[in-house]
Each structure stands twice: as structure tokens, then as C-alpha cells.
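In case you want the letters, here they are:
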Amino acid sequence: MQFFFEVLIGGLLSGVMYSLVALGFVLIYKASGVFNFAQGAMVFFAALTFVGVMELGAPFALALVITFLAMVVLGVVTEKFVLRPLVNQPQITLFMATIGLAFLIEGLAQGVWGASVRGLEIPGIQDEPIQWAMDQWGIGISRFDLFAAGVSAVLVSVLAVFFNKTRVGRALRAVADDHQAALAIGIPLQNIWRIVWAVAGFVALVAGLMWGARNGVQFALTFVALKALPVLIIGGFESVAGAIVGGLIIGAAEKLGEVYLGPMVGGGIEGWFPYVMALLFLLVRPEGLFGERHIDRV
Amino acid sequence: MKLKQSALIGLAVAAALGTAAVQAADQYVGLPSYRVGPYAAGGSGIFGGMIDYFQLVNARDGGINGVKLIWEECETEYNNARGVECWERMKKGGPTGNTVFHPLSTGITYSVIEKAPADKIPVISLGYGRTDASDGRIFPYIFPLLTNYWSQNTAKIKFIGAKEGGMDKLKGKKIVNIYHDSAYGKETIPVLDAQAKMYGFTVKHIPVAHPGNEQQSQWLQVRQDKPDWVILRGWGVMNPTALKAAAKIGFPRDKIVGVWWSGAEEDTIPAGSAAKGYISAGFNVAGTNYPVIKDIEKHVVAKNKSNMEDKSRIGSVYYNRGVVHGIITVEAIRKAQEKYGKGKSITGEQMRWGIENLNIDAALLKKLGAEGFMPPLKMSCANHEGSGLVKFQQWDGDKWKVLTDWIESDQKLVRGMVEESAAKYAKEKNITPRDCSKEG
Chain A
1 MQFFFEVLIG
11 GLLSGVMYSL
21 VALGFVLIYK
31 ASGVFNFAQG
41 AMVFFAALTF
51 VGVMELGAPF
61 ALALVITFLA
71 MVVLGVVTEK
81 FVLRPLVNQP
91 QITLFMATIG
101 LAFLIEGLAQ
111 GVWGASVRGL
121 EIPGIQDEPI
131 QWAMDQWGIG
141 ISRFDLFAAG
151 VSAVLVSVLA
161 VFFNKTRVGR
171 ALRAVADDHQ
181 AALAIGIPLQ
191 NIWRIVWAVA
201 GFVALVAGLM
211 WGARNGVQFA
221 LTFVALKALP
231 VLIIGGFESV
241 AGAIVGGLII
251 GAAEKLGEVY
261 LGPMVGGGIE
271 GWFPYVMALL
281 FLLVRPEGLF
291 GERHIDRV
Chain B
1 MKLKQSALIG
11 LAVAAALGTA
21 AVQAADQYVG
31 LPSYRVGPYA
41 AGGSGIFGGM
51 IDYFQLVNAR
61 DGGINGVKLI
71 WEECETEYNN
81 ARGVECWERM
91 KKGGPTGNTV
101 FHPLSTGITY
111 SVIEKAPADK
121 IPVISLGYGR
131 TDASDGRIFP
141 YIFPLLTNYW
151 SQNTAKIKFI
161 GAKEGGMDKL
171 KGKKIVNIYH
181 DSAYGKETIP
191 VLDAQAKMYG
201 FTVKHIPVAH
211 PGNEQQSQWL
221 QVRQDKPDWV
231 ILRGWGVMNP
241 TALKAAAKIG
251 FPRDKIVGVW
261 WSGAEEDTIP
271 AGSAAKGYIS
281 AGFNVAGTNY
291 PVIKDIEKHV
301 VAKNKSNMED
311 KSRIGSVYYN
321 RGVVHGIITV
331 EAIRKAQEKY
341 GKGKSITGEQ
351 MRWGIENLNI
361 DAALLKKLGA
371 EGFMPPLKMS
381 CANHEGSGLV
391 KFQQWDGDKW
401 KVLTDWIESD
411 QKLVRGMVEE
421 SAAKYAKEKN
431 ITPRDCSKEG
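For the record, the sequence lines run as chains A and B.
Letter by letter, the first sequence follows residues 1 to 298 in the numbering used here.
Letter by letter, the second sequence follows residues 1 to 440 in the numbering used here.
The hints are simulated quantities; they were obtained by calculation from the structure and are not laboratory data.
The reader is advised that the hints may include incorrect statements.
Unchecked claim - Here are some, though not all, of the chain A residues that point toward chain B, as calculated from beta-carbon distances under 8 Å:
id, residue
1, E6
2, A115
3, G119
4, Q190
5, G216
6, Q218
7, K255
8, E258
9, G268
Claimed, not checked - Computed footprint of chain B on chain A; a stretch qualifies when at least three of its residues, placed anywhere within it, have a C-beta under 8 Å from a C-beta of chain B:
id, segment
10, 10 to 17
11, 173 to 187
12, 236 to 244
Virtual Cβ for every residue (Gly too), placed ideally from N, Cα, C.
Looking at chain B on its own, in the form it has when it is part of the complex (with noise of 0.2 Å):
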């Protein structure tokens, strides 16, 4: 009996090793989606898009050094509450808790910023979320990664300048800002301000109340104002609401620029002819013609993999967002396995450091089959921005064709700002930087 019983325990012993050694080869990343809710094809786009790329690693590398990813959703609806339960319920996932976390959603990102050192687990709010968040000396487990939305418009006004004829031309032009009134969308008045001032132009700020399904009267002032550009700062709704708006009251669409989530086919579609000419910013392009998609669709998609439920999505402006996503996340991790090991699943700490020690260059681009498709990246300590390029996109009715290179941020003013509003944040929280010279 004694026996019997010794024999069960060993293989419950032997089956519990057993599952820990496939779990040590898995590397999971805990996802707070979402699919349904106001803000639900943007969240499904770009979660499709990273999922589609973590099993294209899977299926055709085999994972990352034989490290397979395994992923869990959690359902936000861009609520914040939720977010921040879907932290609390994902931290301690898979063999070595969360790896990283995507919000894909600035409140959330803000709700999670004091729990991220806490808990170790890296935030990467890509293309979003805080501003200031950019230096890692005070924020060192959160990543804006790529471009902020301070750089972002100084290519804006960049943009705007070359098509006037350069940059001495905005001298007395006038340019309308059309923004959420949210904190997402009075992030960027400062740096217009400062750039109104440094240009000579006059810039007049606009709310829209959420959701933004009534333009009517802010279009109309618009109208009376007759400024040459208008900065469209929108979400969801917002967006296709601006450009019928725009419309009606006669404005010239190419004389609209967009923020990226004012620039993917789900603000032009329901728009139909009025957002015909619209411009927007990007931090990624749209299409299938490029290498990584093409891996995808042979590796993911015809083999019914996809998570896109609608395939026709798959190279829209969001899908492709999710894609640079996940080659992000899986670079950072592969990174940190250079250090921490190769072929072992990673922390959250560690992660962190892959983060920050990430450098994307354009032969890696190359490698990756992502070539032209997203901004070369190169990360440190200080540095959780990493890019600060910017692409622009015309709507041509159908489609989105690009208009750009790569255009360079003003770093000299954005770096003086995100730095000047650190450190007022780290003098609230009562934050010691980080000394970046002393990082390994």
C-alpha cells in the first residue's frame, strides 16, 4: 500500500517537473483587449495584428530561441477599471508572470503607471499614453515607444511648413486644432503652443465633447476663422464626424492632418467621399506588400490561424499597428534572452532591460521583412521614446498611400519638455532618478 502510494506521489511529482519544463519554455504575455465596446474595431485590429505575428514566430521559428509565446486575453472595453483588474488578474500569469503590458488606451496607461515599478512588469504604450513618460530616468518601467505625441506634431508642423514652402512660410498662417476634449487630446497644446511661438503662426485650440458624434458648431467656427491648416486630433467617432463636417462647411480635406488614430480606414470608410484628400500622421503604413505580411499570410492566415475574424483587414493601418506591436515585443525579448539566457523565459525585470536595450536598425528592419513598414528604433535608459519618426498618408477615397519618408521630430524641443515635465512629476511623486551612466 505504502508502496502504491509512493508510486503515485513520485508520478504526480514527475508530471508536476514535467509541465514546469514545458511551462519554463513558454514566454507569456497577458493582453487586455478589446473586442466589443465603442472603441472595439481599433482594439480588434491591432490585437489581431500582434497575435497573427506571435504565431507567425511560433509556426515558422519555432518561438524565440525554442521559447514558445503564449498569450492570454483580457476583455477591457477601454475601461480603465477594467484595465487595471486585467493587470491585477495577468501579472502572475505563465511561468514567470507578465512579461509586458500593452494598454491600448491612454487612461489605462495611466492607471497602471504606479503599479508597474511596483510589480516589475514593463507598460508599452506605443504611440500613446504619457508624454513625459519618455524619460526613463523617472518613468523606468513605461515606454512610449517609438514616437510621442509632442514629436509627433513637431513633424506636423514640419509637414505643414514643406507643403507651404518651408518653414519661414508659416510666419502668419493659422492653423486650427480640432481636439478631443480629453486628456488624450490637450496633450499636444503645449507643444503647439511653443512651436506657434517659435514659427510665428497662430494656433486656436477647438474641444469637441466625447464621443464627438456633433461637430456642427466647432466646423462652423472653423468656417469663420478661415485658418490654412487644420490639426485634426480625434477617436473613434470623432474622426469621420470631423471630415463630413469638413465637408459640408467646404473645407479643403488636404488641408486636414491627422493624428494616427485619427488615420487608419476606420475613420475614412464611414466618412465615404469627404475624406477623400485627408492627411494623416503614422507611425507604421498600411498594405500587405511587405515581406512580414506576406510571412503571415503564408504562415498564419492560409493555414487558419489568423485572428482576424474579417480577413480583409489584414495590411489595414490598424492590423499592420498590431504587427509592429508584436515584432517590438518579440525583439525585446529576444534581446533579453541574449543576456539573461537564450532559450529561457524571461521576467518582467528582465523584459525591461531587453526594452531599453532594444535596437531596431534598418538592417534588422530588413531581416524582420519590415523594411519601410515602421521607424528604425534604438532605445536606452534615458531614452523610452526611441524614434521620434513620422510617416504621412493621404486618403486617396479608396486606400492609403503614403506621401513621406520617414520626417524627423524637433527632438532639441520635445526632449527639453518631456524633461521639464518629469521632472515636476518626479518632484509630486517624490521620485529619485535613476542614474542611466550607472545601468548595465
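So here's chain A without its partners, still in its complex pose (with noise of 0.2 Å):
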């Protein structure tokens, strides 16, 4: 028993780690009603450039700050040259049009800081089980991991009271609804657009310096974005709050799943068993568990 409670709870913090990814889809879809599909290489460019400009010579904030800006800078020119000439455009070409940015934005940042792999320690917190809970309950839970979880923690709060109690988090949701109605009442959707991509980047910095303090800051952080899907296929597109609750259950269910049928089918389900759950999940509920349910009327 002791070693199923030490699995499920190392599958609910690495699914915390999914939920840091996931935050990001979820806001430029509320912003926008579009899955970005450039996401994890958002994750990847902000985390290569964080440790560029600390090989620059930078400090660890001052890195931040910059980054958070070259963040910023991302956004705005995302919004000038892909978004703002797609305005009213069906929502397909959207999607197609972050497949292509996911590209530029991989290319430009191996082109910029090189192919390198690098390493990433943030100050003070190393990946170690904590000796407390080693010795209490002989389950190994470690440090960084728990990190991980607060700072998730913090950010759900702070995007969720963004979202539902100021004036910009109220536009954003109009224009996630309606772009042209939007428009014609007064919402100026450029803005909100620049600030939820500035946003969602400072999201991707975040997870970025997360996953590349864990496995080292290289082109596979864009992978992790593969993981977000079936996290907020669970949680629901539109909802900070499920792609926590989404990524506990993908985190919890990928590692039991791995320890006790893994065996059973010759191992390594890792991989796609997030997806099998998210497809029954689907069948079900396929607005996802938080999700809003869209009524088309025909």
C-alpha cells in the first residue's frame, strides 16, 4: 500500500507540472477560442532564452525580467502578424496558422541561442526527496516537485481572479465569445489580444523554467505540450481551474496505469495512455469536466 500511495502521489505532483503547460492553452483560448498549437514552443523559447542571458552574465531576476519581456515582444508581434490579419477568420485557420508559428518560434530560438542543451537550477531548490517524509511514511516526495505545486497554486489564484474580477479578464471572455461582437461594442481586441499572449508567455516562462530545471533546457520542453491535450480535453478548454483538476488526473492515472497494467501489456503506456483516457473522456463529456457546454441552435 505504502508503494501505491508513493506512486499516486508522485503521479499527482508530475501532473501538476502537465497543468503549468495546460494554463497556457487554456488562456488564449479564452481569449480567442483558438488551441494554440505553438504553446510548447513558447515553453521551449522562454526557458532557451532565460538560460542564454544567464550565460550572458545576467542574474537570476534580471534574466527573468528580460525574458518576461522577449516574452512580451513575442505577443505583440504574434498579434501584428499572424492574429491581426486573421480577425473573423474561421477558427481552423487559426489553429493552422500556430502550427506554422510553432515552427518559426522552434527554428528561431535554436537559430538565436543555438542547439546546445543546457542545465537549470533554480536557487535553493534541488530534486531530492524530502528526508522528513522518508523517515515518517517511507514515501519518497520530492522537494522540487512540491515547488512545482505552489507555484501552480499561485498562479491558478492570480489568473483566476484576473480573469473573473477586473475589467480586462471580463473583455477577454466577450472576445473569446464573439470577436466581431466584440469589436462593435467598444472591446478593443487588438489590446486584449496583445495581453493575453504577454500573458500566456509569462505562463510558458514559468513552466519553461519548471520542466527545464527538471530535464535540462533542450527542443524535447516542446514535447510536454503533447502531454497538455489530454489534460484539458479532461478539464475542459476554457477553465483554469480544470486543467489542475485535469493534469492531477493524467498525472495520477498515467503512473499507476504504467506501474500496474504497464506490466501486463510488455510496459512503456506512458506514453499513450493519457490519450486512451482522454478519448473515453470524450465520449462522455466532451466539453471536459469544467468546460462550458456549447448549445448550436440549427
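With the hints in hand, could you dock these two chains into one complex?
In C-alpha cells, the structure reads:
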């Protein structure tokens, strides 16, 4: 039983890391109704820029500020050259544009900072088990994973307040419902998109730092975005809270699945098991746990 | 008017002949490199090292017997389809077609296995690829040179045995094999199982789904199983993630032995302090303290001709592995020229002869400034592996330190398995094995 709980807790904490990436998708989706395929590339770009700036001699805090500014610039440029010309186009067109954007950002990141793999350490936070938990329960809980969970909790709280309690947040939701109607009532669509892409850039930076510290800063950071997809299907594309709950469900299920079901089918099921879960979920609740149910009048 | 026309035609013909004369002194090598994408760090290091060695040979020696090396890169992004596209694009490059193809990818190697004999272009898969292609009677154009995966694994078990105090001490020991869940990762399962039977240890194989950036469940299983040793067979992000996950469960890193694709700076630096003590196999060593690297620094790097953007990577495991690729390519061309004409460009078919008759012994290694840098190599028609020697290195937190001299692999076991597997392939594909006694 102790082993079961160790796998479960490890899975839940891994799930929080997926949620961090999923949050970026939710933000863009809430503001534009588009699944931003480039979110993984943004995570990679942010982490690579951060370590690149640090290599140039900047301290941690300054590198954080410079990278955030770089992400804001990226958001503004994306709005001006990719999104603005596509206002009122079908959502699939915007989705396709983000696919192109993903390749562009990946190439840009490696072009500017090179292809070398870099290490990244968050000062004072080691990815080691907490001795107290080991002594008390014999369960290894990573200090770093707990820190990441704390960061996610703060991020979710701030975003929840931002969306529900501020004028900008309400405007974001209006824009997501109908671009043209939002424009008609005087909501500055371009400003809203710039803001939301900048905030998504900040979330990508946080996710990039966490994943970069865990696995190193390298191209594979773009792959973590793929794990966000089942998280979003389960949690719902429009819900910040859904991204967290979906992440927890996926994290726990894939780890338990790998350990207890994996050996029956030769192992290595972590890659596809979350997608099977998402598929089953789609059959039962297509809008996800916290997603809005859309009823179209025909 | 007619005279003018004839003069122009004459000039054109002379120019064309002149160009042909210049081209005839060139040796074209098409390089299917990858400098962007998930494995760009490995690609840029290895192809960078290989190109720097080619530049050294051109700058210091004036080429190979006066034949200058020319090369062209084709970006594959480690993608099989693109690798095949590059093969097609480059096969007719240069004056005599592509001399040799270095896929630097097991997947691309598999994709061109049947193209190689058809187009008569040899494929060098140095330290990767299809292991049973070591049987040159069945795979005349494929060269998994130096040491194949099965040989490497037998050397690993020898190394572990030595650490335990003798091969007889392996009885009752527990080894976990954590592998990338792909053809590459699964390649060594049969040889490990055979060795487990032979020496009486138990082996458990635990797959990690691609790309391997999540391994918590695998390492929790390791914690529960409490093995004596872990063999790590990863690639890319799987490696630092494994080392971090091992640290998280408190598994000692000096009890993890990785394959050479898990043993570069790109695998340890991202893992930070979690990598300290980790051991890996290798068929080349890291460092700049070898005459061949010193020569590259003098003739190429100092003259701003290095292919490496990041000069700090010169002397790294991947860079030096690229230099090994370069040495073998150049020496095989030199060997082929001995038979087919010194100072002439050779064809792919002639290059195959050059590789099959290559003998890089200790004296030649010394002459090349690569003593201890790479193992000696003796090829033949039947033996496309040529060495089977492995060194082990340990990460001290800052750099790789060589732990052992060259350790011999168990060729009795490996060669038997290679021939059995190659014979199966020959039967499937209806291939009649070459009679090596008749090959010149």
C-alpha cells in the first residue's frame, strides 16, 4: 500500500507540471477560441532565452525580467503579423497559423541561442526527496515537485482573479465568445490579444523554468505540450481550474497505469495511456469537467 | 562568324573539361546532418567534428594524396523520410557520386539498408544501427563499425563483473535495464537475456515511452526492485531525466552504466549534481589532449574555419566522435586509392572495398595522433564491426574521466548471435551470402 501511495503522490505532482503547460493553452483559448499549437514552442523559447541571458552574465532575477520582456515582444509580434490579419477567419485557420508559428518559434530559438543542451537550477530548490517524509512514511516526495505545485497554485489563483474580477478579464471572455460582437461594443480586440499572449508568454516562462530545471533546457521541452492535450480534454479548454484538475487526473492515472497495467502489456504505456483516457472522456463528456457546454441553434 | 562560333564552342568545351579536371581531384561526401530539432545537440557536435577533421586533412595535408574532400550537408532533423530524401538528393553528388553515407540515426540506417547495395554506396553506422549487419556476407554495404550494441553490452557486463570482483560474483545479482521504448532501445534485450542465463544474474527490462521526459514510475519500480546495477539505454532528454529520477529515489549514480548514446556532456550537464558518479560506455574519449585535436585547433580552429559555433564543445564526447567518423572515412578513402589509383576520386563501390580492407592498427593510430582516442580497427569482408573494444568513463561533476583501458567484448557469444540473426534476414529477403574467400 505504501508503494501505491508513493506512485499516486508522484503522479499527482507530475500532473501539476502538466497543468503548468496546459494553463498557457487555456489562456489563449479563452481569449480567441483557438487551440494554440505553438504553446510548447513558447515554453522552449522562454526557457532557452532565460538560460541564454544568464549565460551572458545576467543574474537570475534580471534574466527573468528580460525573458518576460522577450515573451511580451513575441506576443505583440504574433498579434500584429499572425492574428490581426486573420480576425474573423474560421478558427481552423487560426489553428493552422499557430502550427506554422510553432515551427517558426522553434527554429528561431535554436537559431538565436544554438542547439546546445543546457542545465538549469532553481536556486535553493533541489530535486531530492524530503527526508522527513522518508522517515515518517517511507515515501519519497520531491522537494522540487512540491515547489512546482506551490508555484502552480499561486499562478492559478492569480489567473482566476484576473479572469473573474478584472475588466480586462471580462473583456477577454467577451472576445472569446464573438470577435465581431466584442469589437462592435468597443472592446479593443488587438489590445486584448496582446495582453493575453503576453500573459501566456509569462505562463510559458514559468513552465519552461520548471520543466527546464527538471529535464534540462533542450528541444524536448516542446514535447511536454503534447501531454497538455489530454489534460485539456479532461479539464475543459476554457477552465483554469480544469487545467489543474485535468493535470492531476492525467498525472495520477498515467503513473498508476504504467506501474500496475504496464507490465501486463510489455510496459511503456505512459505515452499513449493519457490519450486513451481522454478519448473515453470525450465520449462521455465532450466539453470536459469544467468546460462550457456549447449548444448551437440550427 | 563560323570561326567565332567555333572558338566559343571550343572555349566552352575547354572550360567544361577544365572544370571536370578540377572536379576529378575532389572526393564528395554527402552528410545527412541534423542541426535543428530534438537531437540537434548530437548532430551538430558529431557532424561538426567530422567536418573539422575533413578541413584539417585539406588544410594540413592538401587532401588525400592531393584529392581534396568536399562535402554537402542535407538537414534530416533525425527524420527517416528526410534521411531517405537526402540519400536520393546526394547519391549523384560530386564527380563520382556520394562516397559514403553516415545516417547518424538507427531509423535512417534501417530506411536505406536496401538502397545501399542498389546504389552501391556504403553506409557507415558507427556505434549504432542494425547489429546483425556486422555480418558483411549478408550486408555488403552496411558497416556498424567499431563496436556494435551487442558487443558493447557484453563489455558492460564484463565491467560490472570486474566491479563485483569477478564474473562468478554476478550469480544472484539483479540488473535492471531501463531502455528507450523503440527499436534502438530493444536491440540489446536478447544479448542481456543470454548473458543473464550464462552468468546467473537476473535482468528486468523496463521500457520508457518516447521521448522519456517522464520516468517517475520506472524509477519507483527500480526503488522497489532494489537492483545491484542499472543499465541505461537512453537517447536525448531521456538521459538527464533518468539521472534526476535516480537521484530522487536515492539510487547511487555510480551503479548506473549507460550506453554511449547516454554518455555525452549533453546527457550529464542538464542533470546537474544528479549526474555525478554516473558511468557510461564509450568507443571514443573526451578531451583536447590528443595530437589530432591539437592539430585541428592549430590548422582549423585558430584560422576561424571550425564548423563549431560553440568552440567550448571542441573536445566534447560528441565532437570527438565526429573526429573518429572523419578519421575512418579518410583512411578508408586512402585505402581505396591504394588499389584504384592514388590521387584519383573513388566511387562508392570502391569505397566499400576501402572500408572492408581498412586496418587502423596501433602504429597508424599513433601516426594519426589518435592513440587511446579510439580503438584499433581491422575490417574484413565478413566482419563489418572491426573492433568490439569499449572503454568506460565516469562523470566527475564537471567532465568525463576515463575509468578503464579498452575492454574486449565477448565475440564468441556476439558473433554467433550476429550470424544467426543475419542468416534469418538473408532467408527473409532471399539474399545469397557472399563467399568472402573469393573477394579480393
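We went through each hint and held it up to the structure:
1. Checking E6(A) against chain B: minimum C-beta separation of about 6 Å stays under 8 Å; hint holds.
2. For A115(A), the interface hint holds, the least distance from its beta-carbon to any beta-carbon of chain B being 3 Å, beneath 8 Å.
3. For G119(A), the shortest C-beta to C-beta distance to chain B is roughly 5 Å, which falls under 8 Å, so the interface hint holds.
4. Proximity of Q190(A) to chain B is violated relative to the hint, the smallest CB-CB distance being about 32 Å (cut-off 8 Å).
5. With a cut of 8 Å, the hint placing G216(A) at the interface with chain B holds, because the nearest CB-to-CB distance is about 2 Å.
6. Annotation: interface hint on Q218(A) holds; nearest CB of chain B at approximately 6 Å, less than 8 Å.
7. For K255(A), the interface hint holds, since its Cβ comes within 8 Å of a Cβ in chain B; the closest pair sits about 5 Å apart.
8. Restraint check, E258(A) versus chain B: the minimum CB separation of about 4 Å is within 8 Å; hint holds.
9. For G268(A), the suggested interface contact is upheld, since its CB lies about 3 Å from the closest CB of chain B, less than 8 Å.
10. Closer than 8 Å: that is the beta-carbon criterion, and the segment 10 to 17 of chain A has 3 residues meeting it against chain B, so the requirement of 3 holds.
11. For a cut-off of 8 Å, the count of residues in the segment 173 to 187 of chain A with a CB near a CB of chain B stands at 0, and the three-residue condition is violated.
12. For the segment 236 to 244 of chain A, the assignment as covered by chain B is violated, since 0 residues bring a beta-carbon within under 8 Å of that chain's beta-carbons and 3 are needed.
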